[in-house]
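For this one, chain E is given, so just place chain P on it according to the hints.
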Amino acid sequence: MNLSYLFDPANWDPSAAGGFPQLLLSHLWYVFLALLIGTVIALPIGLYIGHTGKGSFIAINAGNAGRSLPTLGLLMLMVTLLGLGLLPVLIALTVLVIPPILTSAYAGMRTLDRRVVDAAKGMGMRPWQVLTRVELPMALPVMMGGFRSAALQVVATATVAAAVGLGGLGRLLIDGLAVNDYSRVLAGAIVVAVLAVVLDLFLALVQRWVVSPGVSGRF
Amino acid sequence: MITFEDVVKIYPGGGTAVDHLSMELPTGKMTVLVGPSGCGKTTSLRMINRMVEPTSGRVLIDGQDVSGQDEALLRRGIGYVIQHAGLFPHRTVLDNVATVPMLLGKTRREARTASLELLERVGLPTEFAKRYPAQLSGGQQQRVGVARALAADPPVMLMDEPFSAVDPVVRAQLHTEFLRLQQDLGKTIAMVTHDIDEAIKLGDYVAILRQGGVLAQFGTPQELLDAPADEFVASFVGRDRGLRSLSFDSAADVPVVPPASSADLILEGGRPIAWRTASGDRAIAGTFTKADSLRIVTDLAISSPVGIAVRVDDNGVCDGIVRHHDLVDYLMERRAS
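Just so you know, the protein sequences line up as chains E and P, in that order.
Going by UniProt numbering, the residue at position 7 of the first sequence is 7; the numbering climbs one at a time, nothing skipped.
Going by UniProt numbering, the residue at position 328 of the second sequence is 328; the numbering climbs one at a time, nothing skipped.
Pulled out of the complex, with its shape left as it was, chain P reads as follows:
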């Protein structure tokens, strides 16, 4: 657990970067610090590994005040990933990853063997080991950056805009892989981003900071979407927060009616094939299962030409349909309860 206790950072020029920040980042979870530029999110992150010293207040990791610890030793125990990866250009990919284990006194051979495994773990083929960072794409460099931070298996990781320097397609891919990795590893992660969508997608918890380094709200993504603390949070999470909040709700309990109740649905061996419309048959664009979110159901219902979302079982056989007005009634009931 990472604890901020009434932390203040005032820069010599007089600007307040962080203003009486208190929060707890739970162990084994990913907490995303998000906010507009100048909200002190990076400063707060960098106080965890003493890259920045607080003016007053304390930062603790598992109850231990970081300010009492040797800077270098503290940092070797904390994974650190930054924007553009910040790889050492003069070292090969493998030696980049092996950096912290070597600092901790592992032999070169031990460090390299462990690093090679990590490369595979972050989705890089082992033939990349001998290449230099300049020979990699931005997305590949970022993977190496993550592997390098994980190399000494630290319990805590700090990530400063780790995915913002790559294009949206690669970013989405890195997100997915990173979530899977985190599911296995269960690190205590503090991550900074300016992108609220990224925060909501990745964070178990999200801390929204406002200009001047004041914590506006701390909570799960759904809490922020459903119950923003104030105008600032509401506008920051965006106008479509109602719809986005649905992505955290399961579609398991959506009331369905038998497929046969719609004359517009064409089935073939139980599988949904097409819609019958006035302008001819239209192929079905998508279906949902019980494991999907309400957002997907809603999207399917409003994008279908006849206003119906189709549910299938694990074999792809249609086992129910939802009409859009029934869906809206269901959502209203949920909200009321």
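Just chain E, with the same shape it has in the complex:
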């Protein structure tokens, strides 16, 4: 194993265009955008389906369909249709992010104790208050689980951005392979893996902070 690329200080220079800091930043930017757009689309749909029970086949099938779509194939299709740029990448990554978020939002709402929701209504909460003050806090652990798995997947898969000329840690893999620089490929793989672990730990901390001890059982 040749770790020379990973430990070369020149590659850690924040101002270097192809260095780790800048690639990391652009990588995180794609991850962030995909998660944001995916959440904005999938969360309301998942909550709605879970809340009303209408269209639950969508939630169940979305999970399966989304997982079977090859992201690289989808990306190439989007590039063919839309040309190069950030948009096709975001579409491909967002499609990847939607299923786990949608399915977990649905599952979180479905598995709630309906008696508690009944009590909330019976005490005079309006539908919006029932959703935000009772259903969401109770469904949060399941929903966070879906979000974390979406984040993990998109961190690993955002490397495809480099395949269509964008930045991100995928650059190290694509360029490294192109010039037979396996030390660079290895460095890219390691940084992506570490990033995934760190991000998941961070989200685990967020989860611990936002989920009530009464729900998580961590009194």
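No lab work stands behind these hints, which were simulated from the structure alone.
Bear in mind that the values here come from a model prediction, so they are computed numbers and not experimental data.
There's no promise every hint is true.
Claimed, not checked - Below, in silico cross-link-like pairs of lysine-lysine (BS3-like), each with a Cα-Cα straight-line distance of 27 Å or less: (1) K121/E <-> K130/P; (2) K130/P <-> K54/E; (3) K121/E <-> K290/P; (4) K121/E <-> K106/P.
Same frame as chain E, but now just chain P:
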């Protein structure tokens, strides 16, 4: 007063849950809706706070049709207690209790202060305030449920099988405490149970419903026990209704004879100690006072080895005895009159 005016509820599937129900639940009293499953008791209860809308007919609170009122505002003015309490697991006990005052616009501080007092009122130590529902026993959760329903001091309370999820010992304890609480508060309460004994114990009035949502009889517990309207009510209140009815009659007028008239009673300084029987002395298991019910007197008389119930005054001094045949004569006379 809660009024049901010819209320009908037919579910979309075609099942009739409530069938032309008319009744009045008096102000300041506890009315228990009781009946077998499928009798529409919970549906009827839930029409009071518009959790269920009637197909036809009207439900009124103090003359006001509930259907004309804003759902959320109506419900904030009605206490609501359900089976298993239905506490919010993500909120502390205190914040659970403070829910409705907060919805009504009280500040968090005001709501919490009032809630803390209520916790004590329902018999929970204040150190429970910071705990979460999952850290409480079923009985404790149910107390919090009652406190939560009382928090905004609503004149009307709805209780849907509030005590059925706890074990019999805790249930009896909750019954006693709840009756005491209701004596102080005088809320207009509608409660649902499937347990006729609970209904008779707690209710000022009992509405017995039969399958298909038809009101079989409405009356005081004693009326139901003494004069069941039909076979269904008679079988529902049970075969020992004659004996149970006695628990609503005072023992004050039971004819007693002086203790000295029995050679079997051993007194010590006026206090009853034991029975003298052929197989030796037997300790006296219990006594009654003028404040007790006839059921207790009857029970004492038939469980005593010599067939005698012993009455004591407030100081525990025996002031009279009743022989079982005299008691039966008395009960027969009462029934005849």
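Worksheet item: Keeping to a limit of 27 Å between CA atoms, is the pair of K130/P and K54/E held or broken?
Response: Not satisfied, since the Cα-Cα distance of roughly 38 Å exceeds 27 Å.
Discussion item. Hint check: K121/E vs K290/P, CA-CA at most 27 Å. Holds or violated?
Written reply: Cα-Cα ~48 Å, so violated.
Discussion item. For K121/E and K130/P, compute the direct alpha-carbon distance and say whether it is at most 27 Å.
Written reply: holds, 24 Å
Worksheet item: Is K121/E within 27 Å of K106/P, Cα to Cα?
Response: holds, 19 Å
Of the numbered hints stated above, those contradicted by the structure are hints 2 and 3, listed in ascending order.
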